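A.B. asks: Let's have the full structure, built from the sequences with the hints guiding it.
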Amino acid sequence: MTEAIRNILKEHGRLSVDISTLTDAADLYQAGMTSHASVNVMLALEANFEIEFPDKFLRRSVFSSVSAISEAVDEIRAAR
Amino acid sequence: MSDISAQDFHDALVAHKLILPVGVPGAFGRGPVFEDVLRRFGDLVTEAAKDDGAEQMLFPPIIDRRVFEKSDYLESFPQLAGTIFSFVGNDAQHREMMNCVHEGKPWSQFQSMTEVVLAPASCYPVYPQFTGTLPEKGRLVDVQNWVFRHEPSPEPTRMQSFRIREMVRGGRPEQVADWRDQWLERGLTLLRRLGLPVEPVTASDPFFGRGGRMLAANQRMQKLKFEVVVPVLSKEKPTAICSFNYHQDHFGLLFDIKTQDGQVAHTACLGFGLERVTMALFRTHGYVPAEWPAEVRKVLWP
Ligand SMILES: [Zn+2]
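First to last, the sequence lines map onto chains A and B.
The opening residue of the first sequence carries number 1 in this note's numbering; numbering runs sequentially from there.
The opening residue of the second sequence carries number 1001 in this note's numbering; numbering runs sequentially from there.
The hints are simulated quantities; they were obtained by calculation from the structure and are not laboratory data.
Some hints could be false.
[Said to hold, decoys possible] Computed cross-link-like contacts, DSS-like style, restricted to lysine-lysine with a CA-CA straight-line distance of at most 25 Å:
(1) 1225(B) / 1070(B)
(2) 1258(B) / 1235(B)
(3) 1223(B) / 1235(B)
(4) 1225(B) / 1237(B)
(5) 56(A) / 1223(B)
(6) 1137(B) / 1237(B)
(7) 1258(B) / 1137(B)
(8) 56(A) / 1225(B)
(9) 1070(B) / 10(A)
Small disclaimer: the values here were computed from a predicted structure and weren't measured.
C.D. replies: In structure tokens, the structure reads:
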């Protein structure tokens, strides 16, 4: 799954560095992702994983790293 | 002060000839007494800022559509934006359009998008002026403009077109944050001298849609927006009359603004909603300025 997340970040994250140089724990906001870009990442994740982020997940910290995103996606899928 | 309905407040402002209804909600005219108070409040802002050395700028109430598109405004507030369209057709198309107009049919198909949009805030034309490297102490601009928001409402403080007096700061992060904190204190002092029971609150913008909920949560969590609020219609839901926005590096990145050390500059702006401040004064002290408390009159009519 992290590969899919990384591809989405590459396309929508507007990162100032190459995603392949970042670890799963690296802070994506530090890597240049803006608030607007994080919204596009959120929408792309929803389309890709066929999920919908509930309101309580629409927070900055949920999209702060590859591993944080992957945990959130797991949690939403498990709740179905 | 007890609560008042939007309609009663509107009717009271009209009865005292402070505002002049024109048919469309949120587009009323302003009478001379209203304008006198509004101008005098503006003078107090000028007085409070006189030692800051701000550059004065004045722009028309329209902005370059390319600047607007670049600014992310449409991404955040598509529901509030006003885009200007105009007729660019030939004689035959003109006749067709006029037939539609006279028959009360839609005629927007004869209109094309122009190079300009209505200014959504006073500060938007300022950021492109900052492009390049800022001086060591950063830059500070004092700007006022008519702005457009598409939110027709019978509530007098929610207007489609109104004036915002803004101060816009660009510089290093700590310069910008310090300036904002200093002005927050200054703004509260100024409004309290006018007898307005104002309070600062952490706020968020009315971002559109689901993505917008995330943007609003981010903005609140990072404390990027403060508003100064005062009861106008109700104590429960006070009205924002002044707002402080810290954009971090948003405009610095978009418009290539750098500090002396080569870093992306930060920006912030503060804006007084001039009509809202004026309405808050009428609501708080009464609809006849001659009857306002002496200490308030002394400040406005020195
Ligand atoms: Zn502004």
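A.B. asks: Mind listing which of the numbered hints don't hold for this structure, in increasing order?
C.D. replies: 2, 6
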